[in-house]
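Could you put together the complete structure from these sequences and hints?
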Amino acid sequence: MKKLTSTPEEDGFYMPAEFECHRRTYMVWPQRSDNWRRGAKPAQRVYAKIAAAIADFEEVVMLVNKDQYTHARHFLDERIIVVEMSSNDAWARDIGPTFVRDLSGRIRGIDWRFNAWGGRTDGIYFPWDLDDQLAGKVCELERADCYSLTDFILEGGSIHVDGQGTALVTEACLLSKGRNPDYSKSAIEAKLKNYLNVQKVIWLPRGIYLDETNEHVDNICAFIRPAEVVLSWTENQQDPQYLLSKCAFEELNKQTDSNGRSIKIHKIPLPEPIEITEKESREVDFEPNTLPRMAGDRLAASYANFYFCNGAVILPAFGDPQDECVKQQFENLFPERKIIQINTHEVLLGGGNIHCITQQVPK
Numbered sequence: 069m070k071k072l073t074s075t076p077e078e079d080g081f082y083m084p085a086e087f088e089c090h091r092r093t094y095m096v097w098p099q100r101s102d103n104w105r106r107g108a109k110p111a112q113r114v115y116a117k118i119a120a121a122i123a124d125f126e127e128v129v130m131l132v133n134k135d136q137y138t139h140a141r142h143f144l145d146e147r148i149i150v151v152e153m154s155s156n157d158a159w160a161r162d163i164g165p166t167f168v169r170d171l172s173g174r175i176r177g178i179d180w181r182f183n184a185w186g187g188r189t190d191g192i193y194f195p196w197d198l199d200d201q202l203a204g205k206v207c208e209l210e211r212a213d214c215y216s217l218t219d220f221i222l223e224g225g226s227i228h229v230d231g232q233g234t235a236l237v238t239e240a241c242l243l244s245k246g247r248n249p250d251y252s253k254s255a256i257e258a259k260l261k262n263y264l265n266v267q268k269v270i271w272l273p274r275g276i277y278l279d280e281t282n283e284h285v286d287n288i289c290a291f292i293r294p295a296e297v298v299l300s301w302t303e304n305q306q307d308p309q310y311l312l313s314k315c316a317f318e319e320l321n322k323q324t325d326s327n328g329r330s331i332k333i334h335k336i337p338l339p340e341p342i343e344i345t346e347k348e349s350r351e352v353d354f355e356p357n358t359l360p361r362m363a364g365d366r367l368a369a370s371y372a373n374f375y376f377c378n379g380a381v382i383l384p385a386f387g388d389p390q391d392e393c394v395k396q397q398f399e400n401l402f403p404e405r406k407i408i409q410i411n412t413h414e415v416l417l418g419g420g421n422i423h424c425i426t427q428q429v430p431k
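Residue numbers are given in our numbering: position 288 of the sequence shown equals residue 356, and the series is strictly consecutive.
Some clues are possibly wrong.
[What the hints assert, rightly or not] Simulated restraints on C-beta separations:
{"id": "1", "residue 1": "R106", "residue 2": "K253", "range": "22 to 32 Å"}
{"id": "2", "residue 1": "K71", "residue 2": "G387", "range": "42 to 52 Å"}
{"id": "3", "residue 1": "P308", "residue 2": "G246", "range": "19 to 29 Å"}
{"id": "4", "residue 1": "K253", "residue 2": "P356", "range": "32 to 42 Å"}
[Stated by the list, open to error] DSS-like, lysine-lysine: derived pairs with alpha carbons at most 25 Å apart:
{"id": "5", "residue 1": "K253", "residue 2": "K268"}
{"id": "6", "residue 1": "K261", "residue 2": "K431"}
{"id": "7", "residue 1": "K314", "residue 2": "K117"}
{"id": "8", "residue 1": "K406", "residue 2": "K395"}
{"id": "9", "residue 1": "K314", "residue 2": "K70"}
{"id": "10", "residue 1": "K259", "residue 2": "K347"}
{"id": "11", "residue 1": "K109", "residue 2": "K347"}
{"id": "12", "residue 1": "K347", "residue 2": "K261"}
{"id": "13", "residue 1": "K322", "residue 2": "K261"}
{"id": "14", "residue 1": "K322", "residue 2": "K332"}
{"id": "15", "residue 1": "K70", "residue 2": "K205"}
{"id": "16", "residue 1": "K253", "residue 2": "K314"}
Simulated from the structure, these hints should not be mistaken for lab results. Bear in mind the structure is a predicted one, so any value in this text is a computation, not a measurement. All C-beta atoms, glycine included, are put in the ideal place defined by N, C-alpha and C.
Okay, here's the thing in structure tokens:
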């Protein structure tokens with residue numbers, strides 16, 4: 069594996085859309101007791117369900133810390149490839165590499181820097197050194213040459229692309245003080261264009277209310293086809309989320325993609341607000357360097373945090389009346405794909421959802 073000093077744009081590589089064909093999916097096994105309740109055992113059960121659902125459609129690799137390897141290998145579906153690899157936590161989307169491809173089908177990885185969503189300014193845990201190393205290790209596992217940045221913080225959940233030259237991001241996240249405070253908005257956009265090889269970046273103002281990632285785009289909006297997105301939505305004007313979603317809708321409505329096409333927007337209803345219970349809060353260990361899980365905290369629940377795999381969509385459920393409604397909506401949007409819905413409350417308690425815990429390698 070070579071560490072490259074050029075950029076994907078210079079070399080003719082670009083980030084494909086997630087809805088294109090995959091070679092495989094990476095996930096990272098949860099275990100830290102200061103983020104997941106009851107030593108992560110409930111979360112592990114849900115990770116295993118998600119991995120097995122994806123494995124019906126494409127290969128899945130689960131990366132596991134040394135002390136959990138034997139347990140995870142015993143616990144997971146035999147189709148899942150289990151690889152021992154050190155990490156601090158379990159968010160494959162944000163700590164794994166972003167893969168890019170050229171027109172001949174060659175794959176390379178991008179190793180962004182990672183600082184736990186804000187470092188010492190407003191990050192979620194410390195240390196994060198093992199997570200920061202993981203993307204480069206995955207590139208070696210894939211035998212993929214790697215664009216390794218030295219000074220630019222970015223997480224995979226903070227970007228969405230259409231594979232045809234357009235990227236979606238949020239200002240709340242990419243302009244947050246804990247990531248790249250020495251970069252202007254225009255400098256950040258230039259970096260995205262150089263490394264994702266896109267010609268246009270659409271900046272949504274905000275994401276999902278109280279999303280602890282500084283409002284990653286993957287929790288509010290996602291490309292489902294070129295010039296077509298789903299957008300998290302609420303009709304409740306008393307909910308703080310209403311204005312955030314309304315601003316995103318208005319921004320998308322006035323934008324075109326890199327090819328000059330207007331963007332078709334499908335509003336996806338949000339579940340009713342979900343809060344951490346007193347019991348759930350007590351079951352998470354206290355650690356002074358980790359964001360606490362406090363009773364009454366509102367969780368950033370969203371159906372937009374789904375995952376495309378080959379021939380299917382893996383969609384969150386929350387035990388909410390909207391679950392079935394959204395599943396039907398996705399079945400109408402994707403008649404060619406199987407819609408598999410999994411209750412992901414335990415993943416949500418840890419701060420994310422299905423898209424956050426998966427990372428695709430394009431085919």
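Cross-check of the supplied hints:
| no. | hint | verdict |
| --- | --- | --- |
| 1 | R106 x K253: 22 to 32 Å | 42 Å, violated |
| 2 | K71 x G387: 42 to 52 Å | 46 Å, holds |
| 3 | P308 x G246: 19 to 29 Å | 22 Å, holds |
| 4 | K253 x P356: 32 to 42 Å | 34 Å, holds |
| 5 | K253 x K268 | 13 Å, holds |
| 6 | K261 x K431 | 22 Å, holds |
| 7 | K314 x K117 | 34 Å, violated |
| 8 | K406 x K395 | 10 Å, holds |
| 9 | K314 x K70 | 44 Å, violated |
| 10 | K259 x K347 | 44 Å, violated |
| 11 | K109 x K347 | 15 Å, holds |
| 12 | K347 x K261 | 45 Å, violated |
| 13 | K322 x K261 | 21 Å, holds |
| 14 | K322 x K332 | 11 Å, holds |
| 15 | K70 x K205 | 12 Å, holds |
| 16 | K253 x K314 | 22 Å, holds |
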